[in-house]
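S.K.: Next come the chains, spelled out residue by residue.
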Amino acid sequence: MPTFEQFKLPDAGEGLTEAEIVHWHVAVGDEVTVNQTIVEIETAKSLVELPSPFTGVVSELLVAEGTTVDVGVPIIVVDTDPGGAAPAAPVAAPAAEPAAVPAEKPADGSAAASSGSVLVGYGTVEQGTARRRRRTPEAQPAPASAPTERPAAAPAALPAAAPTVLPDARAVVVLAKPPVRKLAKDLGVDLAGVHATGPGGIVTREDVVAHHELGEARSLATYEGDEPWLQSGGVTPDGRQTRVPVKSVRKRTAEAMVASAFTAPHVTVFQTVDVTRTMKLVGKLREDREFADVRVTPLLVTAKAMLLAVNRHPEINASWDDEAREIVYKHYVNLGIAAATPRGLVVPNIKDAHRLDLLGLARGIADLTATARAGRTSPRDMSDGTITITNVGVFGIDTGTPILNPGEAAILAFGAIRQQPWVHKGKIRKRWVTQLALSFDHRLVDGALGSRFLADVARVLEDPAQGLVWG
Amino acid sequence: MNQHPDEGAPLVQLVTPEGVRVTTDENAAYRERVAHLDAAALRDLYRDMVLVRRFDTEATSLQRQGELGLFAQSLGQEAAQIGSGRAMAPQDYAFPSYREHGVAHTRGVDLADVLRLFRGVDHGGWDPTAHNFHLYTLVIGSHTLHATGYAMGVQRDGLVGTGDPERDTAVVTYFGDGATSQGDVSEALVFAAVNNAPVVLFCQNNQWAISEPTSKQTRVPLVRRGDGFGVPSVRVDGNDVLACYAVTAEALERARSGGGPTFVEAYTYRMGAHTTSDDPSRYRSAAQEDYWRQRDPIDRLAVLLRSEDAWDESWAADLQAESDALGERLRETVRGFTAPPSSSMFDHVYASEHATVAAEQAWFAEYETSFADAGGAAQGGAR
Chain X
1 MPTFEQFKLP
11 DAGEGLTEAE
21 IVHWHVAVGD
31 EVTVNQTIVE
41 IETAKSLVEL
51 PSPFTGVVSE
61 LLVAEGTTVD
71 VGVPIIVVDT
81 DPGGAAPAAP
91 VAAPAAEPAA
101 VPAEKPADGS
111 AAASSGSVLV
121 GYGTVEQGTA
131 RRRRRTPEAQ
141 PAPASAPTER
151 PAAAPAALPA
161 AAPTVLPDAR
171 AVVVLAKPPV
181 RKLAKDLGVD
191 LAGVHATGPG
201 GIVTREDVVA
211 HHELGEARSL
221 ATYEGDEPWL
231 QSGGVTPDGR
241 QTRVPVKSVR
251 KRTAEAMVAS
261 AFTAPHVTVF
271 QTVDVTRTMK
281 LVGKLREDRE
291 FADVRVTPLL
301 VTAKAMLLAV
311 NRHPEINASW
321 DDEAREIVYK
331 HYVNLGIAAA
341 TPRGLVVPNI
351 KDAHRLDLLG
361 LARGIADLTA
371 TARAGRTSPR
381 DMSDGTITIT
391 NVGVFGIDTG
401 TPILNPGEAA
411 ILAFGAIRQQ
421 PWVHKGKIRK
431 RWVTQLALSF
441 DHRLVDGALG
451 SRFLADVARV
461 LEDPAQGLVW
471 G
Chain C
1 MNQHPDEGAP
11 LVQLVTPEGV
21 RVTTDENAAY
31 RERVAHLDAA
41 ALRDLYRDMV
51 LVRRFDTEAT
61 SLQRQGELGL
71 FAQSLGQEAA
81 QIGSGRAMAP
91 QDYAFPSYRE
101 HGVAHTRGVD
111 LADVLRLFRG
121 VDHGGWDPTA
131 HNFHLYTLVI
141 GSHTLHATGY
151 AMGVQRDGLV
161 GTGDPERDTA
171 VVTYFGDGAT
181 SQGDVSEALV
191 FAAVNNAPVV
201 LFCQNNQWAI
211 SEPTSKQTRV
221 PLVRRGDGFG
231 VPSVRVDGND
241 VLACYAVTAE
251 ALERARSGGG
261 PTFVEAYTYR
271 MGAHTTSDDP
281 SRYRSAAQED
291 YWRQRDPIDR
301 LAVLLRSEDA
311 WDESWAADLQ
321 AESDALGERL
331 RETVRGFTAP
341 PSSSMFDHVY
351 ASEHATVAAE
361 QAWFAEYETS
371 FADAGGAAQG
381 GAR
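Chains as they are written, first to last, in this note's numbering: chain X, 1 to 471; chain C, 1 to 383.
Just so you know, these hints were derived from the structure itself, not from any lab. These numbers were taken from a predicted model, which means no experiment stands behind them. Treat the hints with care, since some could be wrong.
What the hints assert, rightly or not - Taking lysine to aspartate or glutamate pairs in the EDC-like style, the calculated list, with each CA pair at most 16 Å apart, reads: (1) X:K177 / C:E368; (2) X:K177 / X:E213; (3) C:K216 / X:E323; (4) X:K284 / X:D463; (5) X:K280 / X:D463; (6) X:K45 / X:E14; (7) X:K45 / C:D279; (8) X:K177 / X:D190; (9) X:K425 / X:E462.
Next up, chain X with everything else stripped away, as it sits in the complex:
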């Protein structure tokens, strides 16, 4: 008889409470053996491959790639006895266990509350518990008019039992002093749902009172059409806002942006440039047999122009080491390309880009973007960048004032290329024109250097033949 075993998301670090499912290495129906890699997850610390604890056949993947789930939530179901005889009456038995797991968003179940099942560290029992519980219809019988249920988000086929307690959800240990417990009892407050602010996660008297008042004030109206539309996060008690915890790529992006914006004084210089010759070159390269298997874009020529300009102004390819009070000049160029991916903004870089010829550079860009789009960019791909291009033109934008990738001294924004009237050889012509913007760290890059650098990039884009002179 088939035996279904669930594998719950473990804490792959110390005290981590959640992770994102990045890539499944197995599919439903695959055979797996003990310790075979089944899934790659991304924690706040790193990408980690998880080995199967079972031998058997994969019967269900409970969490989709790209989804963040709490530690302790089942992510896969493995039939450890697939060869076994079928059950006598093929009724609920095989379906029952997996069905009890909300396939789309398991974090709704109160297993999320027991993300405190970390062996090390302090866990985050309280905050997870407080918000999420409140949303489930069972936990909070809302007024009939208030649309507290998520509208379109809820999968139609969700079994009725779905948002309830997972089969083996553990009881939550709530820390509170006896008088506080009594107060909670008197007020009819469930301590497990109270957000604790006391030391070591203890629920204080104030917490209980605040929770009680919150409960009373909850019946504010929500207008039709203003229902929450996000599938993640927690809806505020008045139903008018959704609050999503900042995590994963978003968190790192925010940290990097703040670190960069508030430590490096940014200056941005702009130049509008006629790139008609670059467009012609791109056209020619696309017909070139050597470039047949790679995608040739204006970005490629821009990358090359940037490398040529770095060669002429190597001082810009540097970083500020605040701790050592030193400027670090790099003898190599790891060329970063900002990429918008399903998981957010990532800036992988092409290692030793200065040593690549144009074809090698084209391949480098292609590999990097393919990896980024697949969501498989590793920390190593993103580390040790020296200078970056952000291609805002793909969104149809003229230009922007980019923020430096931390640890770098310059970033080039490459705008949309449009046909515009342009004075060319004394006459107004229809030409391909774009705007370039270069932000630089004014601690180590003076206006003169930044301006010359940008002018050189523009010079090559205006006339790629200049590359022959500077190459």
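On the provided structure of chain X, position chain C as indicated by the hints.
M.R.: Then chain C, alone, in the frame of chain X:
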């Protein structure tokens, strides 16, 4: 410019990374110390290393499956640990840090018990006096002082320099390159040197103190630390099990005979992450890892065994089976480890009965029952 701290000091090596024996005038004395190791003995060393590595990979998987809170791999350091561990006599005493699974194995500790600590169900896992193998020390370098103090105790018990091979005792303490930056290690060297303590300070230089390279710990090869304290020092290829055995045997003999301490730098490489919470790809290159993969201690001994006709296919198959069985036993044993009752924390405070502890234990039991209404308060970390 300063030279890189990993260069410029002679290295004792008996087998090259290609698995060929090294015969030089300089290593003659060390060659003699392994001359008695016949084919069977070499196979035993190989078996030790393979089993420890299997333990290591299994434990890593168990952590990834949520069965352990944390694990620190010894991957790549098997030769340093097995070679030095097997050179010890039963009466010798070892003070490990937290990565010495190979040494634990040589001291007869059941490797499954090592995982009690990493599962978070026990502060130790074994009886140190039953194995002359101290509990793992997580604080970096502090146990080098404990070891030196223990060695001074051995001295005062008259267990040094009697000439009785079953009585004379040495102490070994294991620590890493990062620990050499700790004051405790320097203090241990001072006390060991001036007291002529019978202690071997065995430094596994695996080149990474979490994410800090050796170049951020020292300007000179670590082996020269010993010289500064007046402690005889030797640098050994830490991925050469025979050289590690020979060098440790020499140091132990010096200690037991009353010749005092020795500082050993076993130059090796941490092939895995610092712990399962670490991601080394953030701070070191794949090229460096590949370089060291070519210098794997187990592969090296395998080549030597084959070239000396000491390899036996049926033995190798048995070892594979033994290693698989170990993996399976570890999985089952670890999943069976449950949290001890919280009252057990009172058990090891004093060796004998103690009224205050008994009173506190009684109070705690009562306190715990008061949580009964909250449900599950007393279940601790069981999973």
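S.K.: Which earlier hints turn out false for this structure, listed by number in ascending order?
M.R.: Failing hint: just 2.
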